[in-house]
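Residue strings, one per chain:
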Amino acid sequence: AQSVAQPEDQVNVAEGNPLTVKCTYSVSGNPYLFWYVQYPNRGLQFLLKYITGDNLVKGSYGFEAEFNKSQTSFHLKKPSALVSDSALYFCAVRNNQGGKLIFGQGTELSVKP
Amino acid sequence: DAGVTQSPTHLIKTRGQQVTLRCSPKSGHDTVSWYQQALGQGPQFIFQYYEEEERQRGNFPDRFSGHQFPNYSSELNVNALLLGDSALYLCASSFGDRLGNTIYFGEGSWLTVV
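Residue numbers (this note's numbering), protein chains in the order written: chain S, 1 to 113; chain Y, 1 to 114.
Keep in mind that a hint or two might mislead.
[Stated by the list, open to error] List of simulated lysine to any residue pairs, SDA-like, C-alpha gap at most 25 Å: (1) Lys69/S / Gly100/Y; (2) Lys58/S / Gly3/Y; (3) Lys22/S / Ala38/Y; (4) Lys49/S / Leu83/Y; (5) Lys22/S / Phe46/S; (6) Lys69/S / Leu99/Y; (7) Lys58/S / Ala1/S; (8) Lys49/S / His75/S; (9) Lys49/S / Lys77/S.
It should be emphasised that the hints constitute simulated quantities derived from the structure, not laboratory data.
Chain Y extracted, bound-state conformation (with noise of 0.2 Å):
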């Protein structure tokens, strides 16, 4: 049973360029959330994306949007890359939206801007 993947693993950007990141949910899973965690932080959530739209939205700009597909992976594009913007983005998934529902972490993509 394949956990949640994410590609790329690392990655090195310029400042004002654009990244796109990919996700691949658990299997049976069709909720998909993105976190950010900077360094010696905890993480972030950025959005959750369920049925193809947007459902919650975090403190983010809108340099930050992201999308999923009928097969529920997802992606997080951001625009106009700033050096804070600079971390580790985790995606998670899970089974609806139930509170108790457990929500499972892929490994990450490391993002580094300069």
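Isolated chain S, as found in the complex (with noise of 0.2 Å):
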């Protein structure tokens, strides 16, 4: 079965300081890999996907994440957080047998000035 752990509920860090949120996934065949955010009493926001290719991909508002085959992990990191980007963040994965996505509990992060 197809499944997603992030195994931290929240993440505490200081505004201008890099900022990691992990994911890790457990899937039959290629992985097709997701990150969402949602912000308070809202819908989700699509940051970025992996599909193939280059391990580290880019997406909105400066993230980016790093995909890792042999760790079977897809980390979702920023360089310097800001405090807008407090919020709790989703990673997914498609389940390659009818395409529906894969969420994992959620990662709130918590940016304090």
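Dock chain to chain to rebuild the complex, using the hints, since each chain is given by itself in its own frame.
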């Protein structure tokens, strides 16, 4: 069965410092991986995805993610965090039999001034 | 370019009632999926519609049903509401069913069952 794990419920970072939000996955076949962000009382916004190719994927708002096949990880990163990055972040894998998204439990990112 | 739009944004229903939620996909998209997000959890897949047919279904009871119209818009219907159905219901759309295609979400419909 395909699954996604986000091992940290919450990540706290000081503004201007780099941030990392962790994600590991389990799939059969090639992984199709996504990151979404959810601001309070809002829907999900697409940040970036990995399909194939370069292991470092760049996305919206300065975020990037590093795909590591041997560690089955897809960690979200940003070189310099902003207070406005504070939100709930979801990692997801696309089921390769039918295409539904399977989400992790989410990680609450808090960036303090 | 309009994104995925959903209505209503908030609603309150009583146990046992029925509810209909509506969704218009992003312009150019033909595939619509629905997800349920309970408080403090990640979204859970309910079902997907393509060419007006249900193509895939998650682990939800038959009380949850849907429809896709010729203009690709969609409805989610929930019958015999339970307190546990209280959640954010998210509509998502994409073009076709290629796994690499991006899925875009709407702002959601908040359902409270009392």
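Checked hints:
Among the hinted pairs, Lys69/S with Gly100/Y is consistent with the structure: their alpha-carbon atoms are about 17 Å apart, no more than 25 Å. Distance restraint check for Lys58/S and Gly3/Y: the Cα-Cα separation of roughly 22 Å lies within the 25 Å cut-off, and the hinted pair is therefore satisfied. With a CA separation close to 22 Å, the supplied pair Lys22/S and Ala38/Y stays within the 25 Å bound. For the proposed pair Lys49/S and Leu83/Y, the alpha carbon gap of about 35 Å is over 25 Å, so the pair is violated.
A hinted pair counts as satisfied when its Cα atoms are at most 25 Å apart, and Lys22/S with Phe46/S qualifies at roughly 17 Å. With a CA separation close to 18 Å, the supplied pair Lys69/S and Leu99/Y stays within the 25 Å bound. In summary, the hint linking Lys58/S to Ala1/S is not supported, as the alpha carbons are separated by about 28 Å, beyond the 25 Å threshold. Straight-line distance between C-alpha atoms of Lys49/S and His75/S comes to about 11 Å, which keeps the hinted pair within the 25 Å bound.
A C-alpha spacing of about 13 Å is found between Lys49/S and Lys77/S, which places the hinted pair at or below 25 Å, so the restraint holds.
The structure is inconsistent with the numbered hints 4 and 7, although it conforms to all the rest.
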